[in-house]
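Trainee: One letter stands for each residue in the lines below.
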Amino acid sequence: MPEPIITISGLSKRYRIGARERTNRTLREALVDAVTAPVRNFRELSKLTKIEREKPQENTIWALKDVSLTVNPGEVVGIVGRNGAGKSTLLKILSRITEPTAGEICLYGRVSSLLEVGTGFHQELTGRENIFLNGAILGMRKAEIEAKFDEIVDFAGIHPFLDTPVKRYSSGMYVRLAFAVAAHLESDILVVDEVLAVGDAAFQKKCLGKMQDISSREGRTVLFVSHNMPAVRKFCQRGILLDGGSVILDAEVNRVANHYLESGVSTTSLATFASSERPGNLSLKIDSLSLKDSGGQEAPLVNISEGLFVEIRYEIVRDGTVPQFSVSLLDAEGMCIFSSLNNREERLYGFPLPRRRYVSTCRIPGDLLNAGRYFVTIAGFTGNWIDGFRIDNILAFDAIDDGVLKGDYHGDYGGCIRPFLEWTTTENNSDCE
Amino acid sequence: MKEGGLDESIHGGTLHERDEDQIKGEGASCGFSTRAHPGVRSSAPAEAQMPMSDPAPRTPCTLIKPGKGLQHLDLGELVSYSDLLYFLIGRNIKVKYKQTVLGGLWAVIQPFFMMVVFTLFFGRLAKIPSDGIPYPLFTYSALIVWVYFAQAVGQSANSIVGDSSLITKVYFPRIIIPLTPVLSGLVDFLVSFVVLVAMMLSFGITPSPTALAIPLLALLMIFTACGTGMILAALNAKYRDIQYTIPFLLQLWMFTSPIVYPASMVPERFRLVYALNPMTGVIEGFRAALLNTGPFPTGMVLVSCAVSVAIFLSGVFYFKQVERYFADVV
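Those sequence lines, one after another, are chains B and A. Going by the working numbering, the first residue of the first sequence is number 1, and it counts up by one from there. Going by the working numbering, the first residue of the second sequence is number 1001, and it counts up by one from there.
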C-alpha cells in the first residue's frame, strides 16, 4: 500500500451568498434607504469574509461539507457530480486558490491546476510571448518553459503563427495553444476542470490522449472533473461522486459514473420475482427480466451506438407450451417507440417446449435509439398469441449519447429514434448543363 | 383472428391511445425535447471512506488549511515565482502602448503638458516661487515623480480586481499582482527622466553632488507606491468604493505635495510635519539633488523615509492578512 499523495480530512468550505436585494416602493423609502445604505452595506461587506465554522449563519451555503479522502500516487481520479455539487470548490482548494473553512489537505509535490484553458493569455501578445506568460502563471520557471518550448509549439501546431498576436488566432488555435502550455507542466499532481468542454472533437481527443500520457506514462496523479462521462470512464480508474458538498460514492469509475447517470428517477436493469408473485399465465411464469449492455453486463445505461439485450428468464410450467413474447420500448413520456415479437427467432420458436427454465433474449441494435430514458414493457403469450399478460414499464434504462453517431456535430438530435442512415453525395452534372 | 389478437394484445387498449395522443402532441414541437437532468440521490450511502493514515514524512508536505493568526510573507516562494513577476512586468510594458499612434511618447506627454499648464498658471500668473530655478524645470522634476506615483498607485489599487481571472483560476503569491504595475511603470519614469536631463542641459543647470542620492530617492518613491498600492488593492477587492476614491485621493495628495510650489513656502517649523507625506521627501530631495535648489533636505527625507517604510510594511502586512479571501470576493 503506497503512501497517499493527497490526504484530505474533514474538508469544508462555506460560502456566503448574497442577501436578497431590498426593493423600495416609494420615493421616501428610496431616500431613507440611500441614506442608511452605507451602514448596512458596510456591515454586509464586512461579513462577507467572516465565516465562522460553528455558528449557523444566514445566507451561507456549504460548498463542501466534511470531505475526507485519500489519493495515491499515480491514481487518476474522476470527480463527478451535478452543478453545485462542490467539484470546482474542491479543486480550487486543492490548487490553493481559495482556502477551506475547516479541515485540511496534506499533499506532496507540486500541484498544477488547469481550471481554465488560457488563464492569463493576453490578446495583444504574440503566441510566443503568451507561452512564456501563461507558463509562468501556471508556475513554470523561464528555463523550464524554454526547454519545453518546441514541444509546446509542436503540440499546438501553431508554428507559422508564433509571432502573431493571439487575438488574430482562430478560437481553435487559441485553445490548442493554451492547452499545450498547460499539458507540458511538470508537476506531481495535475488538477483539471472541464477543460475538454472546449475545442472541437479532434482536439478533445488529442487532449484526452495527452492526459492519458501524463497519467500512464509519466505516472502522475490526476484529478479530473468533467460532465463528460465517456471521457471520465475512459480516462479514470476511480470515481468520486459529490453531491451537496459531500462524497456520495467513492469507487471504481464505472460504478460511480453509472450511479451518477442513473440517479434521479431510478432506472431498473433487473426485475426478479419471488416465486409466489411471478407474472405469467397457466403455461409459463416469468422469473426475471433484465437489461444487459453489449458486454453482457447488467446495465441501467447503454451507449446509443452499442445496443443492448433484453433478457427474459422464465419457467415453462405446462409441458408443450409454445412461449411467445413481445418487447415494447417506450420513451420517457410513455410513447411506444416500437415493439418486437420473438416469432422470427430461428432456433426454438414454434416448438412446444418441455417444463424447464429458459432464457429468451431480444437484441436491440446500436445506432437506433436516441439519447434519453426508455422504458421496457414485456408481454407474454402462449400458443397462438392468446392467453396474454403484460408487465408495463418493468425495466428502465438510459441511452447515453456517446457521440459516435454525432461525429463532428455538437447540437441536439430530435426524434424518438436516431438510426444510422446512409448518406451519399454525388456530383450533380445533369442540372448544370 | 391472428392479426387483431396480436395488435391488441401487444399494444393493449390504453397503450394504443396514448400512442396517438403522443404523436399529436409531439408533432408541433417534434424532437429536441429537453429531459430532466438526472439528479443525484443524496440518501445514498457514502462508501469507501478510507481511514486516514498519517503519511510518513518524505518531501515536505504542503498543508492546506484555514488560515489562522498572522500570515507571513514567504520570501522563498516569492523568489521562486520571480519569473512570473518578470513576465507580468513584460506584459504590462509590451501591452501598454500597443495600438497607439504615439506609443512611448505618452510617457512624456502627460508630465510635459501638465508642466506647460502649471508654468502658465502657477508660475506666470500666480507667481509662485520656484527656489530660483526656471519654473518649467522646477515643476517638471516633480511631475515625473508624481505621474509615476499616481499611475503606479492607481493601477496597483485596481490590479486585484482587474486580474480577477488570474486570481480565481491559478495559485501564485498574490503580492505579485499589485507589485507588477509599480515596477512596470518605472520604464515610463525612466523615459520622462531622460527628458528631464535634456531639459536641464538646455537650461544649463548642473546637478549637485547629492545626485548620488537619486537611486535612494527612487527607492523611496517605489516603496511608497508599493505600500499604498497594496493597501488600496486589498481594500478594493472587498470594498469597491476604493476605485472611486482613488482619483480623488490622488488629486488631494498631489496638492499636498510640493509639485506646483516649493516646500520652502511651508513655514520652517512645519517642514518635518509636512514631510510626513512621503512624496514631499522624494520630490524635495530630487530637486535639491538634481537642480541644486539648495542644501539637501536631509531631515525631511529621513522623515519621509520612515513614513514610506511604515506604509510599505503595513501594506505588505495588511495584504498578507486578507489575500486569502481574494478569490472569494473579487
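Calculated directly from the structure, the hints in this document are not laboratory data. Glycine included, every Cβ here is placed at the ideal spot set by N, Cα and C. Be careful, since some hints might not be right.
Claimed, not checked - Label-pair ranges, simulated between beta-carbon atoms:
| id | chain 1 | residue 1 | chain 2 | residue 2 | range |
| --- | --- | --- | --- | --- | --- |
| 1 | A | E1077 | B | V39 | 35 to 43 Å |
| 2 | B | V39 | A | S1314 | 23 to 31 Å |
| 3 | A | S1164 | B | L31 | 49 to 57 Å |
| 4 | A | Y1086 | B | E29 | 52 to 60 Å |
| 5 | B | K234 | A | S1164 | 29 to 37 Å |
| 6 | A | H1072 | B | Y15 | 25 to 33 Å |
| 7 | B | K234 | A | G1104 | 46 to 54 Å |
| 8 | A | K1094 | B | G411 | 38 to 46 Å |
Trainee: Could you run down the list of hints and mark each one as holding or not?
Mentor: Verification of the supplied hints:
In this structure, E1077 of chain A and V39 of chain B meet the distance hint of 35 to 43 Å, their C-beta atoms being roughly 39 Å apart. Separated by about 26 Å at the C-beta atoms, V39 of chain B and S1314 of chain A satisfy the suggested range of 23 to 31 Å. A beta carbon spacing of about 33 Å between S1164 of chain A and L31 of chain B contradicts the range 49 to 57 Å that was offered as a hint. Evaluation of the 52 to 60 Å hint for Y1086 of chain A and E29 of chain B yields a pass: the beta carbon distance comes to about 54 Å.
Hint check: K234 of chain B to S1164 of chain A, Cβ distance near 34 Å, so the stated range 29 to 37 Å holds. The hinted window of 25 to 33 Å between H1072 of chain A and Y15 of chain B holds, with their beta carbons roughly 26 Å apart. At about 52 Å, the CB distance of K234 of chain B to G1104 of chain A agrees with the hint of 46 to 54 Å. The hinted range of 38 to 46 Å is satisfied by K1094 of chain A and G411 of chain B, whose Cβ atoms lie roughly 40 Å apart.
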